[in-house]
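Chains as they are written, first to last, in the working numbering: chain A, 1 to 441; chain B, 1001 to 1180.
Treat the hints with caution; some may be incorrect.
Claimed, not checked - Calculated cross-link-like contacts (lysine-lysine; reagent style DSS-like; alpha-carbon spacing at most 27 Å):
| no. | chain 1 | residue 1 | chain 2 | residue 2 |
| --- | --- | --- | --- | --- |
| 1 | A | Lys148 | A | Lys430 |
| 2 | A | Lys430 | A | Lys385 |
| 3 | A | Lys6 | B | Lys1066 |
| 4 | B | Lys1066 | A | Lys316 |
| 5 | A | Lys6 | B | Lys1148 |
| 6 | B | Lys1148 | A | Lys205 |
| 7 | A | Lys75 | A | Lys316 |
These aren't lab readings, by the way, just hints derived from the structure by calculation.
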Amino acid sequence: MVNDLKQLMRDNVAAPPPDRLDLDALVPAGRRRVRRRRTALLGCTAALAAGAVVAVGIGGPGGSGRVAEAAHPPKPDAPTIRLADATQAVTGRDYEVLASFTNQNLDRDNGQYFDGVTDDGLVLFRDGPREAQPTPRFALMDPATGAKDWLPDLDIGWAQTWPVELGADRLVLAGVDSRSSRFVTYVFDRAGRQWTTMSWPGLPKAAEPFSFVPHDGRLYLRVPASVGQPPPGGWPTGPDGEADDADAEGDTYHLWSVSLTDSSDVRDEGMTVGDVAFTQGSMVWTDRSGGDPGRVHVRSLATDEEHSFDPQEGEKCNVLSFGATGDRIVMSEYCGTYADGVRDDRVQILTTDGDQVVTLQDNGVDGALAGPGSSLVTMTAYQPKLGGTYVYDLAADRLLRVSEGFSRYGSGGGAPDGMFLYGTPVNHGKGQTTWLAKLLD
Amino acid sequence: MRRDPAADAAFTEFAAANRARLRSTAYLLCGDWHRASDHVQEGLLRVYVAWPRLVRQGGEVAYARKAVVSAFLDARRKRSSSERPVPEPGERVSGEDLASAVADRDALMAALARLPERQRACVVLRYFEELDVRETAAVLGCSEGTVKSQTSRALASLRAMFEDESREELVVAGERSFPW
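With the hints as extra help, turn the sequences into a complete structure.
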């Protein structure tokens, strides 16, 4: 007698228990996924990882069944604030609303969205894809009047796009060519009112299409190099019964860049990185992405001088989003789950010299820069009582609570410095109002 | 991306037709039927996002299989999974009381669970989904050489585990030792 591998596998799946998968819920969930993917990037590099911050079940595979020690989250080795420390923002005093748009029922159908704000203050307004507008169309909307200047048809059918650069002269959207599955950009010349398409045959096909970082006429993209592995025996089980992959190893990438004006200009930057960001004067990167970041490296763009430091993010912290602006670095982190399922989530702000500025620590919160080069950090809190949108002003070191309640949908793209986009739920959470606001001094 | 009712209906029909097979694959990968459903759900959501392109180009089933395997591999290294371990061979309550066939099936699931996930995926794709080396490489996004070496290591480990458990020899019916 022998055991046949194929037969054993077939026998093992011959009598499955009832499937709890709800097919009716797949389509609405898929629609939400399409919308979230559209809004996942805010100019930071860890867009995909940032999406995982939403307060859902935590953990990795529970390989060993080891139980993580239940305790209270440790205090960061940095000046620390909590959501409850925020000042309630008042319209007209702390901020003013520039524009808003409501989709009453996004569960039923896709709608219309703010995809970002141009440098000259116009909203990139996207209509569709939805039942009445199956092929998305774009307009530049004046937030003061609501008037829309509809752009010529991009003519890419249903393909999805992500804003790269929303300038006064041109708009650059990123996408994936449906035939070649390669990264492309669509460039709209605002004066000539024409779209052109750019692609880079020399760019490795494995380049991650949704984690680009624009800087100085180039786009920086990551090509996977190594994948972090779970510890021997698997992840420990947290007090909430879920496997907990805090302090994950993180992934590494080879860094490539392409010119936004020359399809033959493709460069292997010869660097292995985790997350990458640019400020006006420096390039900032970590050793690894999606886990323990390792060291933070800062290179002067003027002199090529480099220095690096330990960000002291905490022993168990996974960095889930990463951004930099001016002399500040912003990292959103998940640092484990403790007694009663309390998450240790942090938004850590430090200087490019490695000095700790402030860390917001709380249960169920994430954050990212409001846009490339912005001095504002928008944070979403998922707690019942303290849930909503918060804004941290890097220039004034103040935390404001802008809204109560959080929406299940993405709140739009990036905004120029001083402005921010956020969403609030409507219609019992089925829809959302997207707001464009400006912080007041 | 178009989301007209006809496209949604076609997607739902596709999901209904393929969910059971995908769930079986996911179960062999993760060892837990509920988690398998989660991986299938995640995989089908990825299919939904790509659906218009898939419909134009074909290959929906292959894409769905790849999406489910990716969902499993992603869950292994991200924090969104609550996968439960299958019992280690020594922990089984069945012991000598259970019929030998049942014990052998349990032994296989326990042995699969002890393989590195990509080796496990190679075994499941090659011998349950019956994909060839090229197709398996396409699903896993790696070279054919990697598939061969990973499969070889996996089979060697599985055989050793069966031997350690004093079970009948594990073979791949109709195949030689290195079945590519």
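Status of each hint after checking the structure:
1. A:Lys148 x A:Lys430: holds (26 Å)
2. A:Lys430 x A:Lys385: Holds. Lys430 (chain A) to Lys385 (chain A) sits at ~20 Å (cutoff 27 Å).
3. A:Lys6 x B:Lys1066: Answer holds: Lys6 (chain A) to Lys1066 (chain B) is near 20 Å, not above 27 Å.
4. B:Lys1066 x A:Lys316: violated (31 Å)
5. A:Lys6 x B:Lys1148: Between Lys6 (chain A) and Lys1148 (chain B) the Cα gap is close to 17 Å, so the pair holds against 27 Å.
6. B:Lys1148 x A:Lys205: holds (23 Å)
7. A:Lys75 x A:Lys316: holds (12 Å)
Consistency note: the structure conflicts with earlier hint 4 alone.
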